[in-house]
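Could you put the whole structure together from the sequences, leaning on the hints where they help?
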Amino acid sequence: EAEVAQSPRYKITEKSQAVAFWCDPISGHATLYWYRQILGQGPELLVQFQDESVVDDSQLPKDRFSAERLKGVDSTLKIQPAELGDSAMYLCASSLGGVGANYGYTFGSGTRLTVV
Amino acid sequence: AQSVTQLDSQVPVFEEAPVELRCNYSSSVSVYLFWYVQYPNQGLQLLLKYLSGSTLVKGINGFEAEFNKSQTSFHLRKPSVHISDTAEYFCAVSEKAGTALIFGKGTTLSVSS
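So the protein sequences, as listed, match chains U and B. Take this note's numbering: the final residue in the first sequence is number 116, and no numbers are missing along the way. Take this note's numbering: the final residue in the second sequence is number 1113, and no numbers are missing along the way.
Hints may be right or wrong, so weigh each one.
Claimed, not checked - Capping the alpha-carbon separation at 16 Å, the derived lysine to aspartate or glutamate pairs in EDC-like fashion look like this:
| # | chain 1 | residue 1 | chain 2 | residue 2 |
| --- | --- | --- | --- | --- |
| 1 | B | Lys1105 | B | Glu1015 |
| 2 | U | Lys71 | U | Asp51 |
| 3 | B | Lys1096 | U | Asp56 |
| 4 | B | Lys1069 | B | Glu1095 |
| 5 | B | Lys1105 | U | Glu44 |
| 6 | U | Lys78 | U | Asp57 |
Just so you know, the hints here were simulated from the structure itself, not pulled from any lab data. All figures in this text were calculated on a predicted structure; none of them were measured in a lab.
Written as structure tokens, this is what we have:
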């Protein structure tokens, strides 16, 4: 079964350092999402891509977060500088897009970030 | 704006007992509804979805959910739970194809023997 690959699985970083997460969606999936999940909460959308274009980044804290999907395939989410409140699980998901999205996303296993 | 309310943060049950996890949504238009399960330190796995048609939806692992438009609810049920069903369950909604899902805060299902 095809999977969404994310790396690293776990990351510990010091406050004010830069950190980056990588996501490789299922082949052929045009839409890619980054979600942040704080412990004990549901996932919240950070950014949505359609191919290489950003569709929705209204909830992305743009002073410190950036996301790119240069060739419309894999994607990188960066935080600089990291703050204690950024400690969370960062989930990547992909879907066919359009009507295909109705069949549900496929999520990766996530990156657990701890900022110390 | 859309929102999802999961009415119970924790649901403890004994093995082989039935369970219902409650979900209400708020939206002014037609919606698509989903239930996902998350095991510790894992991503989310789709259990079932409602897009249109029959209001009773069957999913994986013996779960089912019923869409009730008048009560804006999409409750998840299983007639007999197993220890292995212990996990976090999330209800989610989207208003149209291709838009991002809005998730509830989750319900922790704890099954004990």
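Looking at the structure, which of the earlier hints fail to hold? 1
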